[in-house]
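Asker: This is what each chain is made of:
2 protein chains.
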Amino acid sequence: MEKAEKHELEEGQIFTPRFNEDGLIPCITQSARTGDVLMMAYMNEQSLKKTIETGEAHYWSRSRKELWHKGATSGNTQKIVQILTDCDQDCIVIKVEMPKGPKDQEISCHTGRPSCFYREVNASTLKFI
Amino acid sequence: MEKAEKHELEEGQIFTPRFNEDGLIPCITQSARTGDVLMMAYMNEQSLKKTIETGEAHYWSRSRKELWHKGATSGNTQKIVQILTDCDQDCIVIKVEMPKGPKDQEISCHTGRPSCFYREVNASTLKFI
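Residue numbers (this note's numbering), protein chains in the order written: chain A, 1 to 129; chain B, 1 to 129.
Please note: incorrect hints may appear among the correct ones.
Treat identical chains as interchangeable: a pair holds within one or across any two.
[Said to hold, decoys possible] Derived DSSO-like pairs (lysine-lysine); straight-line CA-CA distance at most 27 angstroms: (1) Lys127 / Lys3; (2) Lys127 / Lys50; (3) Lys127 / Lys6; (4) Lys6 / Lys65.
Source of the hints: derived by calculation from the structure; they are not laboratory data.
Just chain A, same shape as in the assembly (with noise of 0.2 angstroms):
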């Protein structure tokens, strides 16, 4: 990469999203209540424009191979609160609000926990949290 063109990417105004060879960019979803890390997912150009135009959190599944509304079916969607990217804009925050659920919790994991990272590493094995 040049260098004017780092220069721009970097503190540049422009919002060009790298995606990567896949067409996709990884989004750290966090939630705009309490800063956990909610997930990580995948967003592909269509995904990212839906996300921005309905603000509400759309991905991209790898496994289904389809834009996925989160929250369509079971009804935790994410409103988009905020949305930042990095330096290099090969990444995407999204800071978001969930309706709460039991226990008046955000659930944003398909095992119905409120935060996917509900397990801390210690050496090789999990405890989980």
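The hints should help you fit chain B onto chain A, whose structure is shown.
Answerer: Coordinates of chain B only, in the frame set by chain A:
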């Protein structure tokens, strides 16, 4: 993936990180102090082991194709407070503490900013935050 294998992956207590076809796993780095997402980078098996063994974040530099001990030259090392993994064990969150620089801030981004996520996406433009 078979049902028993999926159950073990999601509900088990054995850490079996799923590296992608390039041998990498995405790592989300969060400030233990503020909860801000500081950066996203990749780890291979070697860097993940080093991170666990040393208690300091090690990544895999995809551009330089080498082990990357974050802060080894700048001094902005990342001390591991907690490592989490997600339901399907193909992503890592690390919560870190960093030395405080000017303005009492942790400097994680190579641009000299605390976080790599210093711009907000507003449709096609970016706003510095």
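Asker: Hints first: check each against the structure and report whether it holds.
Answerer: Do the hints match the structure? See the list:
no.: 1; hint: Lys127 / Lys3; result: between (45 angstroms within a copy, 22 angstroms between copies)
no.: 2; hint: Lys127 / Lys50; result: between (37 angstroms within a copy, 20 angstroms between copies)
no.: 3; hint: Lys127 / Lys6; result: between (41 angstroms within a copy, 18 angstroms between copies)
no.: 4; hint: Lys6 / Lys65; result: between (32 angstroms within a copy, 19 angstroms between copies)
Checked against the numbered hints given earlier, the structure satisfies every one of them.
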